[in-house]
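2 protein chains.
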Amino acid sequence: MTLHPFDEAVALTPTADGGFQGKTAPAYANMVGPFGGVTAATLLRAVESHPERLGDPLSLTVNFAGPVADGDFTISARPVRTNRTTQHWVIELTQGEAVTTTATAVFGIRRDTWGDGEAVMPVVPAPDEVAVSGFPDFIAWARNYELRFIEGALPEKEAEHPSSTTTLWVRDAPARPLDFASLTSLSDIFYPRVFLRRGRYMAAGTVSLTVYFHADAAELAAHGTDHLLGSARTARFSRGYFDQSGTLWTPTGTLLATTHQIVYFKD
Amino acid sequence: MTLHPFDEAVALTPTADGGFQGKTAPAYANMVGPFGGVTAATLLRAVESHPERLGDPLSLTVNFAGPVADGDFTISARPVRTNRTTQHWVIELTQGEAVTTTATAVFGIRRDTWGDGEAVMPVVPAPDEVAVSGFPDFIAWARNYELRFIEGALPEKEAEHPSSTTTLWVRDAPARPLDFASLTSLSDIFYPRVFLRRGRYMAAGTVSLTVYFHADAAELAAHGTDHLLGSARTARFSRGYFDQSGTLWTPTGTLLATTHQIVYFKD
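Chains as they are written, first to last, in numbering that gives the first Met the number 0: chain A, 0 to 266; chain B, 0 to 266.
One or more of the hints may lead you astray.
Same chains, same names: a pair is fine if it fits in one copy or spans any two.
[As the list claims (entries may be wrong)] Derived lysine to any residue pairs resembling SDA-like cross-links, with alpha carbons at most 25 Å apart:
no., residue 1, residue 2
1, Lys156, Gly114
2, Lys22, Asp178
3, Lys156, Ala202
4, Lys22, Pro50
5, Lys22, Gly65
6, Lys22, Arg80
7, Lys156, Gly116
8, Lys265, Thr253
9, Lys22, Asp266
10, Lys265, Asp127
11, Lys156, Asp115
12, Lys265, Val122
13, Lys156, Ala10
14, Lys265, Pro4
15, Lys156, Glu117
For the record, the hints were derived by calculation from the structure and aren't laboratory data.
Next up, chain A with everything else stripped away, as it sits in the complex (with noise of 0.2 Å):
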């Protein structure tokens, strides 16, 4: 049986000592080192790994402290506390002595309560209104993702937008079940915003990423291989460095995540 490259990425063997070990994936290299979002995504699924792991994942934060080289990695998680219906998590990706990425992590066990969606989808076309469009191929992650673009593609010459909004449908290419380390690598799918405004590339990169889980397993689960609707956008873009801010739906509009960021850029 063939794995999907997602899961080939995200890969982990357990140590003798409690830890795992990687290995980059080429299949999601960036220009320099793995794509954000699958070190993520990699990180919580070494938690989801951990013999001692209590429910499933409400908040993660990923410190992109320094670059990822291409080769293996071994990656620490440590249950810091465990309450009766939450877990709190310390995380390191160590590369030799380097340490490459900091993460906390909460898991928890969900109960039922009140609930309410407050924050309202887009109103977007169809997926299947929207053409497939995708990044430049020197970026060999975005060609495991299905990008149909509604606003705020990458830009194709160098034109100011006044708008940092990007929207797009997306799903894993080929096509897999969402799962939580999915939507956790699905939330960094929105490149950096100021290349949008600014209309060009330059250099720039996420700082720090967090990720809250609004749905449980089983919304996840009913979600299947569809489309996620993804939208996201900048409050201020400030002396080298600007946050972004995303939103992650069903095609039915739940939100399935909230997701924020702050990023380097170098003009």
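Using the hints, position chain B against chain A.
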């Protein structure tokens, strides 16, 4: 000279092993333990006080793993990676053997670049046109803030509310010049949005809080003791948890910080 109560609350003493010792401040007590904003500010202050610190805060994520008991606590702040312009920190607050709070922070040196405040401040009346109101007396910490609610004040009678949005003018009381620590604390000024939607109090607490600092030290110094406009809302309430996202602005519409949190509730 008398310290401002906030400076007293975030005061730390270096310990022989490179950590810090602090003490909870009764003035900033919440219903259980200290106000989360002050805990977050104290963790930031630990990094600010560290001899190896590089630059100013870019982002902070604080995970509230368990209650902080009244009394002494210890903070360890470890610079896991220092790059040319950014530095990554892993932070823990402990009481005895118990880890009550974990955090990661990114500090850095800002450079002059293109910039833009794309998000626009809500149109609101001036601070002196909005009445000062407060929280119930049993919430000690709120007495240290001058609160002028424009919309979404704490519910006074049991009535559901269609929107989770709160918008308010806020500053330290007594007035205190804004700095990164007090801005961090102000990022947690928005009481749990579920109280507003449901029109009543219930068990609720922040699980994880992230702050992105858009302002540099010069912008904070220029702000001084002026009011900040804060606005926050929830995207989705689901099965015991919800997110809330907020913005903090100068009166002239400069976005100083964006903040996000995921909150536990029990109805």
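Here is what the structure says about each hint:
1. Taking the shortest Cα distances, Lys156 and Gly114 sit within 25 Å of each other only across copies (20 Å), while inside one copy they are farther apart (44 Å).
2. Proximity of Lys22 and Asp178 under a CA criterion of 25 Å is satisfied intra-copy only: 21 Å inside one chain copy versus 42 Å between copies.
3. In this assembly of identical chains, the alpha carbons of Lys156 and Ala202 lie at most 25 Å apart only when taken from the same copy (17 Å versus 53 Å across copies).
4. In this assembly of identical chains, the alpha carbons of Lys22 and Pro50 lie at most 25 Å apart only when taken from the same copy (21 Å versus 36 Å across copies).
5. For the homomeric pair Lys22 and Gly65, the shortest alpha-carbon distance inside one copy (16 Å) is at most 25 Å, but the shortest distance between copies (34 Å) is not.
6. In this homomeric assembly, Lys22 and Arg80 come within 25 Å of each other (Cα to Cα) only across copies, at 21 Å, whereas the closest approach inside a single copy is 28 Å.
7. Taking the closest pair of Cα atoms, Lys156 and Gly116 come within 25 Å of each other only across two copies (23 Å); inside a single copy the shortest separation is 38 Å, beyond that limit.
8. Taking the closest pair of Cα atoms, Lys265 and Thr253 come within 25 Å of each other only across two copies (22 Å); inside a single copy the shortest separation is 36 Å, beyond that limit.
9. Neither within a single protomer nor between protomers do Lys22 and Asp266 lie at most 25 Å apart by alpha-carbon distance, with minima of 32 Å and 44 Å respectively.
10. Neither within a single protomer nor between protomers do Lys265 and Asp127 lie at most 25 Å apart by alpha-carbon distance, with minima of 37 Å and 41 Å respectively.
11. With identical chains, the CA atoms of Lys156 and Asp115 are at most 25 Å apart between copies only, with a shortest distance of 21 Å across copies and 42 Å within one.
12. Neither within a single protomer nor between protomers do Lys265 and Val122 lie at most 25 Å apart by alpha-carbon distance, with minima of 34 Å and 32 Å respectively.
13. In this assembly of identical chains, the alpha carbons of Lys156 and Ala10 never lie at most 25 Å apart, being 38 Å within a copy and 53 Å across copies at closest.
14. In this assembly of identical chains, the alpha carbons of Lys265 and Pro4 never lie at most 25 Å apart, being 32 Å within a copy and 40 Å across copies at closest.
15. Taking the shortest Cα distances, Lys156 and Glu117 sit within 25 Å of each other only across copies (22 Å), while inside one copy they are farther apart (37 Å).
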